[in-house]
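Participant: Construct the complete structure from the given sequences, taking the supplied hints into account.
If you read the sequences in order, they're chains A and B. Under the numbering used here, the first sequence has 198 at position 198, and the numbering climbs by one with no breaks. Under the numbering used here, the second sequence has 121 at position 121, and the numbering climbs by one with no breaks.
Think of the hints as simulated: they come from the structure by calculation, not from any bench. Keep in mind that the hints are not guaranteed to be accurate.
[Claimed, not checked] DEER-style ranges, computed between Cβ atoms: (1) 38/B - 89/A: 40 to 50 Å; (2) 191/A - 38/B: 47 to 57 Å; (3) 136/A - 126/B: 34 to 44 Å; (4) 54/B - 86/A: 37 to 47 Å; (5) 88/B - 107/A: 12 to 22 Å; (6) 76/A - 142/B: 39 to 49 Å; (7) 50/A - 28/B: 31 to 41 Å; (8) 50/A - 142/B: 49 to 59 Å; (9) 279/A - 142/B: 52 to 62 Å; (10) 195/A - 35/B: 47 to 57 Å; (11) 38/B - 4/A: 51 to 61 Å.
All C-beta atoms in this analysis are idealised placements derived from N, C-alpha and C, irrespective of residue type, glycine included.
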Amino acid sequence: MSGGSTVAVIAERRHLENRVLREARSALEDAGCEVPLVVPDGDRMFDIPTEAPPWDAALSRGRDLAGLGILAAASALGVVAINTPQSIDLVRNKIAMQAVLLEHGLPLPKTWFAADAAIFRGVPRDRFPLVVKPFDGDGSRGLSLLTQPEDVDLLPSLQQAQPLYLAQEFLETDGWDLKLYGIGSQVWAVRKPSPVSFPEPGPAVMEHKKGSELIEIDAQLRDIALTCGRACGLELWGVDVAMTPDGPYVIEVNDFPTYSAIPDAGAEIARHALALVRIEALSRETGRSRMQSIVRKPS
Amino acid sequence: MQSCSILSAVTIAGDNSADSYRVLVVDDDERLLALARLSLAKNGIEVETATTASGGLETIFDGAPPDLVILDVVMPDMSGWEVLRRIRESSGVAVMLLSGRDSDVDKARGLDLGADDYLTKPFSFLEFEARVRALLRRARETGDGQGV
Numbered sequence: 001m002s003g004g005s006t007v008a009v010i011a012e013r014r015h016l017e018n019r020v021l022r023e024a025r026s027a028l029e030d031a032g033c034e035v036p037l038v039v040p041d042g043d044r045m046f047d048i049p050t051e052a053p054p055w056d057a058a059l060s061r062g063r064d065l066a067g068l069g070i071l072a073a074a075s076a077l078g079v080v081a082i083n084t085p086q087s088i089d090l091v092r093n094k095i096a097m098q099a100v101l102l103e104h105g106l107p108l109p110k111t112w113f114a115a116d117a118a119i120f121r122g123v124p125r126d127r128f129p130l131v132v133k134p135f136d137g138d139g140s141r142g143l144s145l146l147t148q149p150e151d152v153d154l155l156p157s158l159q160q161a162q163p164l165y166l167a168q169e170f171l172e173t174d175g176w177d178l179k180l181y182g183i184g185s186q187v188w189a190v191r192k193p194s195p196v197s198f199p200e201p202g203p204a205v206m207e208h209k210k211g212s213e214l215i216e217i218d219a220q221l222r223d224i225a226l227t228c229g230r231a232c233g234l235e236l237w238g239v240d241v242a243m244t245p246d247g248p249y250v251i252e253v254n255d256f257p258t259y260s261a262i263p264d265a266g267a268e269i270a271r272h273a274l275a276l277v278r279i280e281a282l283s284r285e286t287g288r289s290r291m292q293s294i295v296r297k298p299s
Numbered sequence: 001m002q003s004c005s006i007l008s009a010v011t012i013a014g015d016n017s018a019d020s021y022r023v024l025v026v027d028d029d030e031r032l033l034a035l036a037r038l039s040l041a042k043n044g045i046e047v048e049t050a051t052t053a054s055g056g057l058e059t060i061f062d063g064a065p066p067d068l069v070i071l072d073v074v075m076p077d078m079s080g081w082e083v084l085r086r087i088r089e090s091s092g093v094a095v096m097l098l099s100g101r102d103s104d105v106d107k108a109r110g111l112d113l114g115a116d117d118y119l120t121k122p123f124s125f126l127e128f129e130a131r132v133r134a135l136l137r138r139a140r141e142t143g144d145g146q147g148v
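Facilitator: As structure tokens, then:
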């Protein structure tokens with residue numbers, strides 16, 4: 001890795017002790033980089049930047065709007081953003097994300113969305129059971145199962161000014177979740193016991209279980225992982241996959257996931273961040289148009 | 001028939017192989033298949049065609065393996081990605097993907113799934129023939145396709 005670069009880490013306080021983020025920061029420092037930490041706490045006030053911060057890149061983890069604002073401003077002023085604000089926005093908009101993945105022919109369960117969950121009564125009865133989730137849900141939070149149209153009455157109401165719900169066909173699995181993780185062009189697969197169960201219609205029961213296990217990734221899952229990441233323009237990403245008797249289905253794509261069970265993920269992230277910094281520096285030196293064929297982002 | 005024998009006597013530029021090459025073109029567009037047949041035949045290449053993905057897979061795995069498979073990405077019965085993945089489970093035959101999808105993501109996807117080339121539609125037949133000749137030369141040099 002090349003030293004002398006400045007790679008800012010923008011992360012919410014709750015992520016600071018995250019293993020992978022700590023490893024990434026250490027690996028960057030070991031490589032001779034400056035690694036300023038930006039923690040967008042609720043009790044801090046920030047100035048809107050008028051010029052690019054003195055960073056070569058910014059690595060961002062979290063959902064905090066102030067943090068995403070800092071990342072977006074830095075990116076707009078020429079700093080390499082990992083991930084880019086555009087790709088983060090895309091995958092956090094579950095409707096846009098699914099539209100992009102479907103356009104690439106990826107296998108997804110049929111999904112509907114509506115501001116009023118009562119409208120899901122209108123989904124044909126033979127498409128039930130459905131899993132309903134809030135549009136801006138994080139992880140597995142807020143999931144409910146509808147086994148028939150009448151179960152709509154069991155849904156908890158969203159405490160939001162403008163709620164939006166997604167309803168997705170329920171997929172039967174063996175009780176394990178499959179997570180695909182990507183860093184640049186490297187991908188891994190990890191099997192985890194699912195924390196979500198639906199003993200009856202209505203809200204899910206959540207129980208976090210240990211036992212993540214790195215497994216061999218086959219050609220089909222590798223294709224799914226790479227295509228999800230590239231189609232969404234992500235450099236660091238995760239894909240939630242349901243393994244069904246009909247094959248794998250993509251449930252969700254996330255930016256900067258946990259990378260649980262991935263050995264040396266932090267060091268890999270640091271290496272990839274520095275590679276992107278070098279590419280950007282070289283492309284600036286050489287002239288963007290000449291380098292476009294090498295560094296062009298997925299369209 | 002006379003024209004066929006004349007055509008098959010033409011050799012691929014830079015290739016002294018006595019055997020003629022066999023290429024399988026899999027595409028649901030019959031006009032494209034007809035054009036590809038004419039275009040490749042004038043290069044001395046024997047062409048087989050399939051209008052469905054499943055028909056293409058049958059030809060690859062049930063008969064003598066071709067030297068090159070030219071595969072459309074968007075087909076009604078199965079995507080070209082899936083066909084390619086199935087081919088690569090057991091075969092190193094040279095594969096060129098042919099597609100109207102021209103994004104970087106699609107090209108990278110095809111090549112990462114094991115395609116040897118990716119040509120976007122519309123294409124010029126000059127370029128198409130040159131790419132086919134290059135792939136065939138390379139396939140014979142490396143002995144790819146023997147694993148079918």
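Participant: If a hint holds in the structure, say so; if it doesn't, say that too.
Facilitator: Hint by hint, here is what the structure shows:
| no. | hint | verdict |
| --- | --- | --- |
| 1 | 38/B - 89/A: 40 to 50 Å | 49 Å, holds |
| 2 | 191/A - 38/B: 47 to 57 Å | 51 Å, holds |
| 3 | 136/A - 126/B: 34 to 44 Å | 52 Å, violated |
| 4 | 54/B - 86/A: 37 to 47 Å | 39 Å, holds |
| 5 | 88/B - 107/A: 12 to 22 Å | 19 Å, holds |
| 6 | 76/A - 142/B: 39 to 49 Å | 48 Å, holds |
| 7 | 50/A - 28/B: 31 to 41 Å | 56 Å, violated |
| 8 | 50/A - 142/B: 49 to 59 Å | 58 Å, holds |
| 9 | 279/A - 142/B: 52 to 62 Å | 31 Å, violated |
| 10 | 195/A - 35/B: 47 to 57 Å | 55 Å, holds |
| 11 | 38/B - 4/A: 51 to 61 Å | 59 Å, holds |
Violation of the numbered hints given earlier is confined to hints 3, 7, 9; the remaining hints are satisfied by the structure.
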